[in-house]
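Asks: Residues per chain, in single letters:
Protein chains: 2
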Amino acid sequence: MAVKIGLIGTGTVGGGCIDIILKHAEDFKRHYGIDIELVRVCSLDKSEAEAHGVGHLFTSDFNEIINDPEIDLVIELIGGTGVAHTIVTNALKAGKYVVTANKAVMASCGKQLMAMADEKGLFLAFEASVGGGIPIIGPLKHSLVGNEISTVLGIVNGTTNYMLTRMDQDGLAYAEVLKEAQAKGFAEADPTADVDGFDAAAKIAILASIAFNSRVTIDDVKPEGIRNISPVDLEFARSMGYAIKLLAIANRTEDGIDIRVHPTMIPLTHPMASVNGVYNAIYVIGDSVGETMFFGQGAGRGPAASAVMGDIIEVARNIAAGVKPIVGCTCVDTLPIRPMSEIETKYYVRLSVKDQPGVLAATSKCFADHMVSVYSMMQVRDDDASDAQLVYLMHQTREANLMTALDDIAKLETVNRVATVIRLWD
Amino acid sequence: MAVKIGLIGTGTVGGGCIDIILKHAEDFKRHYGIDIELVRVCSLDKSEAEAHGVGHLFTSDFNEIINDPEIDLVIELIGGTGVAHTIVTNALKAGKYVVTANKAVMASCGKQLMAMADEKGLFLAFEASVGGGIPIIGPLKHSLVGNEISTVLGIVNGTTNYMLTRMDQDGLAYAEVLKEAQAKGFAEADPTADVDGFDAAAKIAILASIAFNSRVTIDDVKPEGIRNISPVDLEFARSMGYAIKLLAIANRTEDGIDIRVHPTMIPLTHPMASVNGVYNAIYVIGDSVGETMFFGQGAGRGPAASAVMGDIIEVARNIAAGVKPIVGCTCVDTLPIRPMSEIETKYYVRLSVKDQPGVLAATSKCFADHMVSVYSMMQVRDDDASDAQLVYLMHQTREANLMTALDDIAKLETVNRVATVIRLWD
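From first to last, the protein sequence lines are chains A and B.
With my numbering, letter number 257 in the first sequence gets 257, and the count goes up by one each step, no holes.
Converting from the second sequence to my numbering requires adding 426 to each position, the first position being numbered 1.
By construction, these hints were calculated from the structure, which means they are not laboratory data.
Keep in mind that a hint or two might mislead.
Subject to a maximum C-alpha distance of 25 Å in a straight line, what follows is the list of computed SDA-like cross-link-like pairs (lysine to any residue) [claimed, not checked]: (1) Lys455/B - Thr334/A; (2) Lys455/B - Glu119/A; (3) Lys29/A - Lys455/B; (4) Lys546/B - Thr334/A; (5) Lys184/A - Ser799/B.
Pulled a few chain B residues facing chain A out of the computed Cβ check, cut under 10 Å [claimed, not checked]: (6) Gly682; (7) Asp684; (8) Pro765; (9) Ile769.
Here a beta-carbon is modelled for each residue, glycine too, at the ideal position from N, C-alpha and C.
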């Protein structure tokens, strides 16, 4: 029995999936006994379907797929929370199995959609929503379920990782490297979703929900992006033995889930420190397995399509066997989200100050006043500039204390600005 | 409905599993609706069961588990191919689902056992047989199935990776570091299985079978171990930009499966080069996903038990749902195994020679006679020794040609010995 597929969205990922189905359908039949048949593709642009040799399957109306009684499985590859949300919802309502690559929909409405799928006995698979081609949702939902997961760390945004890598290795400034990333197609014209951390926030919300068996949505994450990072920070970090990465972090703590996205200094010896360029990696710590890492390409036609196809074949196997989903939503606990102000970590702080007597004493007093203890400090004078740089590394401290100290520091007449604050992972 | 488990083997891995079940059974019930009940444990030593608080479940006769009609799932954690093979076979014959961590059984008799399981509609799960806690069999059988996999590279033996790391970082000699590994419990009194590559051979046979959908057994792999590697080789390698790792390699080629285990020089910039100590990693290249890596602890109580528990919960989920296995044996192709003599790769060769005129000309002529082309060469004289070292890097060449050239070289009067031959991966 052929499993019949309707695919919506024929851009990068959708095009990649069409190519794989056309290339490997016979292999899937021979290796796995699964007969996958693409019967309809939908997008706004027929030429895309034609470019992949499936112009004859084209429709511009997604309802023709959702309402087609012949179709078993709907693949949503449009992205965003508008039409895509309608498609996923209506496909489930129509009794279709759904595979999606949509992080935004899953990170905002995952709870409702998973509940709908569970209630109707349908698969809703979304491996491609996080980490591109890297298998991570599968391992978290299956191989690693014997563990209590304490931490998930992700380099899950290829755009910012590319930018930070270039800034680090070639000393380029943020604006310069952003322009380059846009020219190469790694960054959008409006780069906000990437550089301000929203993309990573959606992904870590999805990972945390699965890893901690407790629903986290994108609204629970207040991301900080990389706009403030400059090559001098990367240089200072390296001289102290650290790389700077935009990390998506989720920790299970006694006081709830600590979840955040921000530039992070991580020791150069940590496996995540050498994940460079557009590569992604997800680091998972479990009480039995210890530390594990999943590494690969986080975006692009092939990798994303690989993840979607893994889901398609998995769902098709079950459809062909007449088996209803066994593993649906596993978010049965309701752990609180820990406020950012309560986290305790180490910090790197760079202050741009006037080169005057007393500035070091004044800034250091502000830290002391709020019980923020300095681990190391250096003052660097740039001969070409009128200001000096004070670079502090702080002992473990409460976020709220540090922020209050920095508020005070920002008011000092001798301080130009609090240039950079970077949390440490070590 | 509780899924009832009989566990055979209460050593490191078995003990770890008992601990996890006792600690997390309530979590598994709450998170996954799976009620796992350990009803019997078997080993030769009752005190082990007692040490984990399950002395009351002890039997010394595994047949009491296999023949217990109450038991759904048999966990085989004895290892080796003797009793363990009997247990797995008889458990399947008795209609039990089986989870095993046994690489030796799966790499030698996997075909027969998988066929038996498929025929009887039973699960035979073996994630823990490769890579300890690292999820790799799951991803290969599920998330990555949309790919044609071209290469699997593994650092899958923690003992040798620990030894090579120590030799590299601290300049210790092979014998010294072996003694240390034995003292730390990383190496057995008889280290053959590890240092001569048989352990890695079993693991790559299993991975290749799954990745290439074609059965490979341990007899298809002729491993070379690390006994010949000395600290000077690691030093030379590093100076040329390479690390030396015991790699298990499986390539899909037009002429069949190229499968081997040997010390390998890999560029320091490759993610596998920084997998150090007892850590393992498996690198998978697929036509869509590109390059991915799975990293973690390859052995030890927690990691191995994590993998076993993942299988146990997965099988238990299916038992509870009344679902027969969907993904059984996928080795439906019959690709030939490419003879080692036919492979083409680059080589590092170190010759110990007499410090006499003409030796360089004579050895270089042997290479030229067999069409082995030199990429770079250096001669190093150790003042304390009577011999000199000739270190060659070869362009890509056919293995048979290199070996014939080395046979000729070994016969030269001016050559003490062919000290080391290391293949490159780059």
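Asks: With reference to the structure, classify each hint as holding or not holding.
Replies: Hints, verified against the model:
1. With a C-alpha separation of about 16 Å, the suggested pairing of Lys455/B with Thr334/A holds against the 25 Å cut-off.
2. Restraint check for Lys455/B and Glu119/A: the C-alpha separation of about 20 Å stays at or below 25 Å, so the hint holds.
3. This hinted pair does not check out: Lys29/A and Lys455/B have alpha carbons roughly 36 Å apart, beyond 25 Å.
4. Note on Lys546/B and Thr334/A: the hinted pairing is violated, with a Cα-Cα distance of about 41 Å set against a maximum of 25 Å.
5. For the given pair, Lys184/A sits about 39 Å from Ser799/B by alpha-carbon distance, which is inconsistent with the 25 Å threshold.
6. Of the supplied interface hints, the one on Gly682/B is violated, with its beta-carbon coming no nearer than about 17 Å to a beta-carbon of chain A, more than 10 Å.
7. For the restraint placing Asp684/B at the interface with chain A, the shortest Cβ-Cβ distance is roughly 20 Å, beyond the 10 Å limit, so the hint is violated.
8. Contact between Pro765/B and chain A, as hinted, is not supported at the beta carbon level, the nearest pair being about 26 Å apart and thus beyond 10 Å.
9. Taking 10 Å as the C-beta cut-off, the interface hint given for Ile769/B is violated, the closest approach to chain A being about 25 Å.
Of the numbered hints stated above, those contradicted by the structure are hints 3, 4, 5, 6, 7, 8 and 9, listed in ascending order.
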